[in-house]
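Novice: Sequence:
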Amino acid sequence: MEAWKLIAKKLEPFQYTVWTEFSPLAIKYNAINLGQGFPAFKCPDFAKQALIDATNSDENQYSRSQGYLPLCQELARFYSSKYNREINPLAEIAVTIGASEGIMCALLGMVNPEDEVVMIEPCFDLYIPQTAIFGGIPVGVL
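In full-length UniProt numbering, the protein residues as written are 1 to 142.
Errors might be hidden in some of the hints.
Okay, the calculated beta carbon distance ranges per label pair [as the list claims (entries may be wrong)]:
{"no.": "1", "residue 1": "ASP115", "residue 2": "PHE41", "range": "22 to 30 Å"}
{"no.": "2", "residue 1": "VAL139", "residue 2": "ASP53", "range": "42 to 50 Å"}
{"no.": "3", "residue 1": "GLY109", "residue 2": "THR20", "range": "26 to 34 Å"}
{"no.": "4", "residue 1": "GLU59", "residue 2": "ALA94", "range": "31 to 39 Å"}
{"no.": "5", "residue 1": "LYS28", "residue 2": "SER81", "range": "43 to 51 Å"}
{"no.": "6", "residue 1": "LEU25", "residue 2": "ILE137", "range": "25 to 33 Å"}
{"no.": "7", "residue 1": "ALA31", "residue 2": "LEU71", "range": "19 to 27 Å"}
{"no.": "8", "residue 1": "ILE103", "residue 2": "PHE46", "range": "29 to 37 Å"}
{"no.": "9", "residue 1": "ALA31", "residue 2": "GLU86", "range": "41 to 49 Å"}
{"no.": "10", "residue 1": "GLY140", "residue 2": "GLY98", "range": "17 to 25 Å"}
None of these hints come from the bench; they were simulated from the model. By construction, the Cβ of each residue, glycine as well, lies at the ideal position given by its N, Cα and C atoms.
Using the sequences and the hints given, assemble the complete structure.
Specialist: Shown next as structure tokens:
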């Protein structure tokens, strides 16, 4: 059975993205791919040591769903001074693993079926399917 036959029907129109075509072309022509996050650098020693230290510590529980509290507090402190207003780390900060997850969470929490979601075109290729998944109607503007 083809893998796509196992995927929800609402995702069928989104089987292919620009990366389905461009990534193989970049490999074929040994091009530098500036469009995707494929890091090609050595991980710094301090980052590896931080991972070792975290693994060896007793802090081994799940973080709160909005993000690791000390990180949220530091972000609130930084942005409070930047924007000249007090930001509440418990109510106004959420940490995601990246922009795509953050946008997906925002759409999940804010888009109702048939809502129009305006996006500047050309847009990142995930925005349209993410909007459609939650029943929104993508509306592109130039």
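Novice: Taking the beta carbons of LYS28 and SER81, is their distance inside 43 to 51 Å?
Specialist: holds (48 Å)
Novice: Given the hint of 26 to 34 Å, is the C-beta distance from GLY109 to THR20 inside that range or not?
Specialist: This hint holds: roughly 29 Å between Cβ atoms.
Novice: At the C-beta level, are ASP115 and PHE41 separated by a distance inside 22 to 30 Å?
Specialist: Hint violated: Cβ distance 41 Å, outside 22 to 30 Å.
Novice: Quick check on a hinted range of 17 to 25 Å for GLY140 and GLY98, using CB atoms only.
Specialist: Holds: the Cβ-Cβ distance is about 23 Å, inside 17 to 25 Å.
Novice: Is it true that the C-beta distance of ILE103 to PHE46 lies inside 29 to 37 Å, as the hint says?
Specialist: For ILE103 and PHE46 the Cβ distance comes to about 30 Å; the hint holds.
Novice: Take the C-beta atom of ALA31 and the C-beta atom of GLU86, compute their distance, and say whether it sits inside 41 to 49 Å.
Specialist: Given range 41 to 49 Å: holds, Cβ gap about 47 Å.
Novice: Honestly, do ALA31 and LEU71 meet the 19 to 27 Å range at C-beta?
Specialist: Cβ of ALA31 to Cβ of LEU71: about 36 Å, so the range 19 to 27 Å is violated.
Novice: Go ahead and decide if the range 31 to 39 Å is satisfied by the Cβ distance of GLU59 to ALA94.
Specialist: For GLU59 and ALA94 the Cβ distance comes to about 20 Å; the hint is violated.
Novice: Falls inside 25 to 33 Å, the C-beta gap from LEU25 to ILE137?
Specialist: 32 Å Cβ-Cβ, so the 25 to 33 Å window holds.
Novice: When you take the CB atoms of VAL139 and ASP53, is the distance between them in 42 to 50 Å?
Specialist: holds (48 Å)
Of the numbered hints listed earlier, those contradicted by the structure are 1, 4 and 7.
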